[in-house]
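J.: Protein chains in written order, with the working numbering: chain A, 955 to 1433; chain B, 955 to 1433; chain C, 955 to 1433.
Hints may be right or wrong, so weigh each one.
Pairs count within a copy or across copies, as identical chains cannot be separated in the list.
As the list claims (entries may be wrong) - Derived pair list, reagent style DSSO-like, types lysine-lysine, alpha-carbon separation capped at 27 angstroms:
id, residue 1, residue 2
1, Lys-1392, Lys-1433
2, Lys-1414, Lys-1309
3, Lys-1183, Lys-1162
4, Lys-1052, Lys-1392
No wet-lab data here; the hints were simulated from the structure.
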Amino acid sequence: TTNKLLIATGVGGGGSNGGGIVSFEEISTGLNVFFLLFAASFIFMMQTGFAMLCAGSIRQKNVKNIMLKNILDSCIGAIGFWSVGYAFAFGGASPDTKSFIGYEGFFLANVTSGTELISWFFQFAMACTAATIVAGTVAERCKMEAYLCYSLFLSGFVYPVIVHSVWSESGFLSAFNDNPPFGCGMHDFAGSGVIHLTGGVTALLAAKILGPRIGRFYDRNGIEIEDPKPFPPHSVALQVLGTFILWLGWYGFNPGSILTISSINSGDVAALAAVNTTIAAASGCLSAMLIDMLIYRRETGETAYDITMVMNGTLCGLVAITAGCATVAPWGAMVIGIVAGWVYYLWSNLLVKFKIDDAVDAIPVHLGGGSWGCIAVGLLSEPTRTAKAFGDHGHYGWFYMWGQGSGDGRLLAAQICGVLWIITWVCAIMTPLFLLLKQLDLFRVDELEEEVGCDFSHHKGFAYDSSGVPDDDTLEKFK
Amino acid sequence: TTNKLLIATGVGGGGSNGGGIVSFEEISTGLNVFFLLFAASFIFMMQTGFAMLCAGSIRQKNVKNIMLKNILDSCIGAIGFWSVGYAFAFGGASPDTKSFIGYEGFFLANVTSGTELISWFFQFAMACTAATIVAGTVAERCKMEAYLCYSLFLSGFVYPVIVHSVWSESGFLSAFNDNPPFGCGMHDFAGSGVIHLTGGVTALLAAKILGPRIGRFYDRNGIEIEDPKPFPPHSVALQVLGTFILWLGWYGFNPGSILTISSINSGDVAALAAVNTTIAAASGCLSAMLIDMLIYRRETGETAYDITMVMNGTLCGLVAITAGCATVAPWGAMVIGIVAGWVYYLWSNLLVKFKIDDAVDAIPVHLGGGSWGCIAVGLLSEPTRTAKAFGDHGHYGWFYMWGQGSGDGRLLAAQICGVLWIITWVCAIMTPLFLLLKQLDLFRVDELEEEVGCDFSHHKGFAYDSSGVPDDDTLEKFK
Amino acid sequence: TTNKLLIATGVGGGGSNGGGIVSFEEISTGLNVFFLLFAASFIFMMQTGFAMLCAGSIRQKNVKNIMLKNILDSCIGAIGFWSVGYAFAFGGASPDTKSFIGYEGFFLANVTSGTELISWFFQFAMACTAATIVAGTVAERCKMEAYLCYSLFLSGFVYPVIVHSVWSESGFLSAFNDNPPFGCGMHDFAGSGVIHLTGGVTALLAAKILGPRIGRFYDRNGIEIEDPKPFPPHSVALQVLGTFILWLGWYGFNPGSILTISSINSGDVAALAAVNTTIAAASGCLSAMLIDMLIYRRETGETAYDITMVMNGTLCGLVAITAGCATVAPWGAMVIGIVAGWVYYLWSNLLVKFKIDDAVDAIPVHLGGGSWGCIAVGLLSEPTRTAKAFGDHGHYGWFYMWGQGSGDGRLLAAQICGVLWIITWVCAIMTPLFLLLKQLDLFRVDELEEEVGCDFSHHKGFAYDSSGVPDDDTLEKFK
């Protein structure tokens, strides 16, 4: 079954393995490594997107602080996921057993297979995404020490356990186990639940325990402000840059989650994921913008296009399609996107109502969009597409089952269980951690530091400096 | 003809189709899907580039407005191209018939093939590019409603008809029909004409009908200003960021237009496209910069390196090589780039002379560069390279035919016809639309809104906000 | 050995070669072209990263100037490398001869093979990287003419000679020659030495000969300032954007240097490169940040997280792993990264001590990290991994040889020779050039131009302009 042939040597450069004999397996392996290298690089690009979006969304005096957190996220995620996280998530899994946590492959010791190394790289990029979601929510008031501590703990332990349960072959909710719960297991193709819901729930807990920024809902003396005061983003340009980069990164995130591109159906699955990602993003954008326009017009009589709605609607559509991108039809992606726009709007207003301060509205996007995305899979997964991505187990979206005259809601049940499991696990582990940090006075910067901004108080000065601009005298002299 | 072998399962993750049996066709399909996923993602990245370039080029008071248009472009393009545009462009085509418009595949209904789904994704990214070109030209004065209306109409109908005529197998100008006009059809490999000329002509019509910004050529009372007043870009940093991203995106745009990478010659064609793209960009940059330096020095006696020239020269070189990137030799790419730099300079000055106000100089780049690029193909297409990309039909660039002692100008004729067809079609359809919008008073914001800027008047406030910076008292207290 | 089969035609688009017959070789060629297209595009993306990082790091009055240099770098690099550079680097090489310089393939004349064309594109992207490193160091005071002259000379001649010596099959230090020095040749997989050390040494020479910016170490009258005055970066947001883009680009740089992905072991090598790149970046970041925190706290008693350290530590880790990314184990990457953080810190302080003014600290990153990276290969290259990337020649990192009870330090010797060769060659050629430029008064802008900034004096005005913001009267009128 192996065809060998000589291929020509390339002209020079770093590597030396040109001129060898190449077989079918090698092309296949090389192609798959390349595919995940591409996909993971695009996912890693999302770190840039988050950094720009978060920095743009907050006040100028905390730009260095938030960006530092975004960079350190990636670095700590790398070390945490390399040392233990990846082993906890995938180590020693096999479809004929179930386990709570993996236990092999710490520090990638002795791993030399390209397939497994690139799989680490891909999963590392995903893990960073989960960790970085929280940075924006707690911006402008969370201590760096607390953040680093949380970040290591999430990417090294909390998140890997969730990954293990849903994506490992031994996971108790996994669709890839020989004996999955509900006969199908949870279908979270690229991580609406595993990644975004995890990040979103953590962000909600952190925001609640940390408390709002001074002046947002309460003034300096803790007295409630009548109308919550929004803090306008310091740079919409950075926000838009970040949003576009995130959208772009999603084309690695979603199609890449097929993991191999040389296998049966994988081209179909990856292509569908790209199409659905696009349609859900667009629908989420338009839906959030329109509902905001309608309500704003009813309240004020004026028409305004709100760019925050446009950006966060897009992102919420993207988060929501992440679970179902490979299993719903394009019209289903549109439905998911439209509802995601509403979900975002609703959650954003709920947070204000409950006086929970999310500096970048990451909770509505990731918690709101992520949970909706998981549930939508249970409603809209189309049979043939689901079979291509997850195997033909006979349980599809409730809409289709109902259309076939069956009341089979097993996939929906699996999805709901998955959502509840993620929420429960994150709350059970992160609540004590955050409370402990608060108790030890490690969680929040002091009041004066907050007012002056973290950049000046902790990072040696402000992010922007125009001291170098020549004065009028110099300009005059020059002329 | 099919070789099957077992490939190893990857470790976990979203998909489930590891461990299957893989055949030659599957590797080929997977590879091609992946190739277009890569290329289309890079093309989609150009949306970010356009957004940054446009935003940087205009005045600070309209940044939110232009960026909103850029995001909405992508979203509306997605919906418009998914619902009808793609079907109009490619539906039901076959090389043995000719038709004006396609008629199959609305909403991608029943499409499950990865090859076709990813083809939609690629063509969607291209369609967005065509639509977004206009945003910059009409910036700072065009109503959002008019813009959305135009954008949907262009990506859903006007552009698909052009695509059908040039790129579909049934197109009346298509090189892929069994019986192409002039024996070869129009050769527009990646869209100098189909995309850039379409966008550029639309931008010219819009700019003419919309009129210049107040204070550019005429003052508030409509009285002509002696020397046209340039509005300096508010951020060159954003412009450069946008330009670099666009250049980068072109490496998806041009090499990606081969559509499949596993076929005969496709590696040669894609590689040539990347090389030519690079050389034309560099030549366009240097050529525009040098001509501007020469003329500026003659006029003022001073030497100045103009970054606007550098950026737009680069872009004009890129636009111009888009048609011929796969068919000209590298030296031809240099010639195309050099002339593109002059074309840009000429058009830019012509617009000022005729008092047509293009806020980002998109017309010189896309109309000027696009039309020159199409014609250059008729002059410089090299026989063996053309044969690899379009088949060996015997009609090449006039320079080569003339070198062979033949006067065969058929390819050149086809190119000129193509340019005329695109200009005619766009003018015929868009002129009435823009005039109607103007008549209904939907096209242009009112005078006061324009002066105060669209961000404040339509989008709830300015794009930059430094209200969060601590005052000196707070800083003092902190120390 | 050739399997042919029919593949389906894609739906329309630019190219025409769908529907052909495809063979094993074609898939392999197509895949390899695609791989280098991806890798080179990511490397080219680093130009954006350098532009943003450099622009953010300097004072506002020179933003246009530095960005112009970054764009022109790419353009001049393209022309220089196309005309002569590539031919000098790789032309006519063969493993059974040795030569100082290549001599074939000027202007890519007659090259139609996709493999070779894409190889040019990849090597062009690398060459631009080498050239652009210097731009940041000499920012704010170097004349444009001198810069363009240097840039052409480096990418067209100085750098190609180094490439030839290390990466060409005929290079006198090359690991790909039949008879490599020390039995193994220099192992610089992706260019810690060839690219970064070359750029770094050039930057050091330029900075020394050009002299510091006015007011940095000496005041306007040349009198030494007691405490060197740092010039704060004008925009940390741009710096972070640049750093993230550079990190991302490294995933093309390092894994891409395997050059073909369809060959034996190439998947393993590329995947390892991605993993090691990640771990070294993260380690470099944390190591530089921590050492700075410790020393800063000892000196001032305060805790501060310094974002400059975080960014440059990351970059120095990336530069250092570039040579060994394919040959060290992940723990080795961590060691390389940790030491790189210290190396950066040390070099950065040394420069200040010796009053050498590097406007963006490119010398510590590229010279410091690059030389350490080359030497680290001689210490930490692991046998099986080295065999996969460079062939099984029996000489590995000194640590492993020593572990096997052998004192074989040949690889280490080859690395040290390589470092010395690069330093010597660059000094020998660039020193006279820079001295000549200085002698001819072409190197440095005059004092008044420097004070007013290059943007105003040479580029028609400043990079940021807020003149378009409406005044309060207009705003009032609007309300």
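J.: Run the structure past the numbered hints and jot down the numbers of the failing ones, going up.
T.: 4
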